[in-house]
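S.K.: The lines below spell out each chain.
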Amino acid sequence: MLFSMARFVRAAMLASAAAAAPVLAQGDLLVAPTRVVLDGERGTEVILNNIGNETAVYRVSLEVRRMTADGKLDEIAEAEASEAEKAALAMISYAPRRVELAPNQPQAIRIGVRAPEGLPDGEYRVHMLFRAIPDAKAPSAGDAPATGVSIALTPIYGVTIPVIVRQGSLRATASIAGAQLVDTPEGRGFSLDLTREGMRSTYGEIRVLKPGEAKPALQARGIAVYPEVARRNLTLPIPEEVAAKLAGPATVQYLEDGEEGGRVIAEAKVVLR
Amino acid sequence: MINRFSKAVLVLGTLALGAGAANAASTTATAKAKILQQVTVTNTSDLDFGTIVTGAAASTVAVSSTGTRTCGAGLTCSGTTTAANFNVTGTIGQTVTISTTNASLTSGANSMSSTLAPSSGTLLLDGSDSFTVGGTLNVAANQADGNYAGQFTVTVNYQ
Numbered sequence: 000m001l002f003s004m005a006r007f008v009r010a011a012m013l014a015s016a017a018a019a020a021p022v023l024a025q026g027d028l029l030v031a032p033t034r035v036v037l038d039g040e041r042g043t044e045v046i047l048n049n050i051g052n053e054t055a056v057y058r059v060s061l062e063v064r065r066m067t068a069d070g071k072l073d074e075i076a077e078a079e080a081s082e083a084e085k086a087a088l089a090m091i092s093y094a095p096r097r098v099e100l101a102p103n104q105p106q107a108i109r110i111g112v113r114a115p116e117g118l119p120d121g122e123y124r125v126h127m128l129f130r131a132i133p134d135a136k137a138p139s140a141g142d143a144p145a146t147g148v149s150i151a152l153t154p155i156y157g158v159t160i161p162v163i164v165r166q167g168s169l170r171a172t173a174s175i176a177g178a179q180l181v182d183t184p185e186g187r188g189f190s191l192d193l194t195r196e197g198m199r200s201t202y203g204e205i206r207v208l209k210p211g212e213a214k215p216a217l218q219a220r221g222i223a224v225y226p227e228v229a230r231r232n233l234t235l236p237i238p239e240e241v242a243a244k245l246a247g248p249a250t251v252q253y254l255e256d257g258e259e260g261g262r263v264i265a266e267a268k269v270v271l272r
Numbered sequence: 000m001i002n003r004f005s006k007a008v009l010v011l012g013t014l015a016l017g018a019g020a021a022n023a024a025s026t027t028a029t030a031k032a033k034i035l036q037q038v039t040v041t042n043t044s045d046l047d048f049g050t051i052v053t054g055a056a057a058s059t060v061a062v063s064s065t066g067t068r069t070c071g072a073g074l075t076c077s078g079t080t081t082a083a084n085f086n087v088t089g090t091i092g093q094t095v096t097i098s099t100t101n102a103s104l105t106s107g108a109n110s111m112s113s114t115l116a117p118s119s120g121t122l123l124l125d126g127s128d129s130f131t132v133g134g135t136l137n138v139a140a141n142q143a144d145g146n147y148a149g150q151f152t153v154t155v156n157y158q
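Residue numbers (numbering that gives the first Met the number 0), protein chains in the order written: chain A, 0 to 272; chain B, 0 to 158.
Chain A extracted, bound-state conformation:
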């Protein structure tokens, strides 16, 4: 029963693939979960799946990234890593680091933590990068013009997720400032500053509530303020109609992730313009 069901689903998927003809490239990937927090646990697993239509080789690696004041995660060369970042790299083990996957073949990547004796309390973090190693696109000689330049650019694309190890009992608080509607090069945006204090990062969801409406007018999950920044800006691209809806009095909330209790970390009553 289960088997035939699976076959049916697969057949249906194939049929829909043929009908809609989505372009699938070598190296397309799925990663789950998208955040790992180890607070006392010794390890976990992350699933990597090849969702492309060709067999591909994927590489898993750890890298140091630091949050900037505008919320970007900049890659830091290992030589320039701080003591805490080096300690994080040293205590996190993972395997396998290179996998060849057939289409729709998932692979669990095991992550283990061994905190060294006498590790100071704090939050230790690395970012795990998953990406395919593509076959280089060869500029085909047949298409080459007699004169001129032709270009073949191969994208190497992937996903990074944070792997966070917490040592000791850590606290942090945050507050919201400067919530406003802004114009960005890509259109309208909602901007605010998050200020953080304490030994660890804050993570959660930003909600903008309009008076008298139960459903948030804007909701953005997965917003972190990491310990390396005391204050970060968050600018979210929003459609014009959302911007129009947000304008006026509103309540902006920063809530903890549901899995961590859903507590309100910070709240501000604002007039958006």
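Treat the hints with care, since some could be wrong.
[What the hints assert, rightly or not] Where chain B lies over chain A, by a calculated footprint (3+ residues, C-beta under 8 Å): (1) 45–51; (2) 59–73; (3) 97–103; (4) 122–132; (5) 153–161; (6) 212–226.
Read the hints as simulated data drawn from the structure, not as lab findings. We treat Cβ as the ideally placed atom computed from N, Cα and C, and that holds for glycine.
Add chain B to chain A, keeping to what the hints say.
M.R.: Chain B only, in chain A's frame:
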């Protein structure tokens, strides 16, 4: 003493039976599943600068994030151009950032540089999201003809 003890057990037994009877229709086995938040990234079109006939002076060819070409002075551009397109699916409402690196292109001993940028640095996922990568190719004066190849990286970052 013994009597009281057995009575307690009896009461417990009845309770357990009652609970069992109430649940009998619906519970027969334990099922376990862990739901994880996932992300998928798929590449649906390449970054294509088309064909360029070089000139005597250094110039640039730009492909915007919508795929529109701007051919610099002194160059002749032909062929169709496209920006690289990537689709991202994830939990609705999730915020991700996009980062790209520049590409260096080589053809034998000759090289060219390019600066690339994503169409948006931050995505607020709504179920069907995509972003594009366009850029500017720096063509040197009397750039040697040839087929140039290079790589660039694109990452979708979770916080």
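S.K.: Compare the structure with each hint and give your call.
M.R.: Outcome of the hint check:
Given as covered by chain B, the stretch 45–51 of chain A passes the check, having 3 residues with a CB less than 8 Å from a CB of that chain where 3 are the minimum. Requiring three or more residues with a Cβ within less than 8 Å of a Cβ of chain B, the coverage given for the stretch 59–73 of chain A holds, as 5 such residues are present. With a cut-off of 8 Å between beta carbons, the stretch 97–103 of chain A has 0 residues touching chain B; three or more are needed, and the interface restraint is violated. Interface restraint, the stretch 122–132 of chain A with chain B: holds (3 residues with C-beta to C-beta distance below 8 Å; minimum three).
Coverage of a stretch by a chain is defined here by at least three residues with a beta carbon nearer than 8 Å to that chain's beta carbons; for the stretch 153–161 of chain A and chain B the count is 9, and the condition holds. Only residues whose C-beta sits within less than 8 Å of a C-beta in chain B count toward coverage, and the stretch 212–226 of chain A has 7 of them, enough to reach three; the restraint holds.
Checked against the numbered hints listed earlier, the structure breaks hint 3 alone; every other hint is satisfied.
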